[in-house]
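Chains B and A are the protein sequences, given in the same order.
The numbers in our numbering rise by one with no breaks, and the one at position 75 of the first sequence is 75.
The numbers in our numbering rise by one with no breaks, and the one at position 74 of the second sequence is 74.
Because the hints were derived from the structure by calculation, they are not lab data.
Be aware that one or more of the hints could be misleading.
If the Cβ cut is set under 8 Å, some of the chain B residues that face chain A in the computed set are [what the hints assert, rightly or not]:
no.	residue
1	18
2	33
3	43
4	45
5	51
6	56
7	63
8	96
9	103
10	107
11	108
Straight line, CA to CA, 25 Å or less: simulated DSS-like cross-link-like pairs of lysine-lysine [unchecked claim]:
no.	chain 1	residue 1	chain 2	residue 2
12	A	106	B	57
13	B	102	A	57
14	B	102	A	63
Derived coverage of chain A by chain B (criterion: at least 3 residues anywhere in the stretch with Cβ under 8 Å from a Cβ of chain B; other residues may be distant) [unchecked claim]:
no.	region
15	44-51
16	77-89
Because the structure is a prediction, the values reported are computed rather than measured.
Positions of the beta carbon are idealized from the N, C-alpha and C atoms, including for glycine.
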Amino acid sequence: DSGVTQTPKHLITATGQRVTLRCSPRSGDLSVYWYQQSLDQGLQFLIQYYNGEERAKGNILERFSAQQFPDLHSELNLSSLELGDSALYFCASSVGQATNEKLFFGSGTQLSVL
Amino acid sequence: SQKIEQNSEALNIQEGKTATLTCNYTNYSPAYLQWYRQDPGRGPVFLLLIRENEKEKRKERLKVTFDTTLKQSLFHITASQPADSATYLCALRTPGNSGYALNFGKGTSLLVTP
Numbered sequence: 001d002s003g004v005t006q007t008p009k010h011l012i013t014a015t016g017q018r019v020t021l022r023c024s025p026r027s028g029d030l031s032v033y034w035y036q037q038s039l040d041q042g043l044q045f046l047i048q049y050y051n052g053e054e055r056a057k058g059n060i061l062e063r064f065s066a067q068q069f070p071d072l073h074s075e076l077n078l079s080s081l082e083l084g085d086s087a088l089y090f091c092a093s094s095v096g097q098a099t100n101e102k103l104f105f106g107s108g109t110q111l112s113v114l
Numbered sequence: 001s002q003k004i005e006q007n008s009e010a011l012n013i014q015e016g017k018t019a020t021l022t023c024n025y026t027n028y029s030p031a032y033l034q035w036y037r038q039d040p041g042r043g044p045v046f047l048l049l050i051r052e053n054e055k056e057k058r059k060e061r062l063k064v065t066f067d068t069t070l071k072q073s074l075f076h077i078t079a080s081q082p083a084d085s086a087t088y089l090c091a092l093r094t095p096g097n098s099g100y101a102l103n104f105g106k107g108t109s110l111l112v113t114p
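Only chain B is shown next, with the shape it has when bound in the complex (with noise of 0.2 Å):
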């Protein structure tokens, strides 16, 4: 167990819908990173936050949009989804955010767009 919660596990929604994807760190972490998986394409980084500020961003599309609480939790907001944007999508967490942290990941939440 990496400590990071994410939920909901299973997500299934239909074209045009929205939905949020939720995070909670690990215990101590102030970074929290979100990534989209599919089979074709990787591990996609889309955002990072530290304490709250959006610190790097990835080729996040505009119609999704993350933030972080002061509580350190995250969500993961997507819009208007599309067919395409199923997908396995990952929370990461880490302790700050230097260039030689490691991540702590999620177990991932599977969104299917019907």
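Fit chain A to the supplied structure of chain B, relying on the hints for placement.
Showing chain A alone in chain B's frame:
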């Protein structure tokens, strides 16, 4: 743009042999490189981190090398066991759209047969 390339073909080896996986990167000079293990349907798990001034790092049956001239890292598992079967990902921090993101290669699948 930065690229992290891992052999997309699965590596099949016999138990007891040494598995060697390759990670090549372009257009960047990272200070650190990390290796993770991922089992099907689960989040990646951190294995090793190597710094640019370290030629080699070991942890139990694992060995990682880092050649900054070749822009390549090799990941070795000695005395491989069926339990080592998994996908192995290399990762390094590269400049993203904003900030530095920890980006992953697509991974190499390793299958160790008895």
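Against the structure, the hints come out as follows:
About 23 Å separates the beta-carbon of residue 18 (chain B) from the nearest beta-carbon of chain A, more than 8 Å, and the hint is not met. Because the beta carbon of residue 33 (chain B) sits about 7 Å from the nearest beta carbon in chain A, less than 8 Å, this interface hint is met. Here the hint on residue 43 (chain B) is kept, as its CB sits about 4 Å from the closest CB of chain A, short of 8 Å. At about 4 Å, the closest approach between the beta carbon of residue 45 (chain B) and any beta carbon in chain A falls short of 8 Å, and the interface hint on this residue holds.
This hint is violated: residue 51 (chain B) has a C-beta 14 Å from the nearest C-beta of chain A, more than the 8 Å allowed. This hint holds: residue 56 (chain B) has a C-beta 3 Å from the nearest C-beta of chain A, less than the 8 Å allowed. Hint status for residue 63 (chain B): violated, given a least beta-carbon distance of 16 Å to chain A, over 8 Å. For residue 96 (chain B), the interface hint is violated, since its Cβ never comes within 8 Å of a Cβ in chain A; the closest pair sits about 13 Å apart.
With a least beta-carbon distance of about 6 Å to chain A, the hint placing residue 103 (chain B) at the interface is held under the 8 Å criterion. Interface restraint check for residue 107 (chain B): the shortest CB-CB distance to chain A comes to about 6 Å, inside 8 Å, so the restraint holds. Using the Cβ-Cβ criterion of 8 Å, the hint placing residue 108 (chain B) at the interface with chain A is satisfied: the shortest such distance is roughly 6 Å. Under the criterion of a C-alpha separation no larger than 25 Å, the hint pairing residue 106 (chain A) with residue 57 (chain B) is consistent with the structure, at around 19 Å.
Between residue 102 (chain B) and residue 57 (chain A) the alpha-carbon distance is near 16 Å, which keeps this suggested pair within the 25 Å criterion. Between the alpha carbons of residue 102 (chain B) and residue 63 (chain A) the distance comes to roughly 17 Å, so the proposed pair stays at or under 25 Å and holds. Residues of the region 44-51 of chain A lying with their CB closer than 8 Å to a CB of chain B number 5, which satisfies the three-residue condition for coverage. Here's how the region 77-89 of chain A fares: 1 of its residues keep a CB closer than 8 Å to some CB of chain B, so the rule of at least three is not met and the hint is violated.
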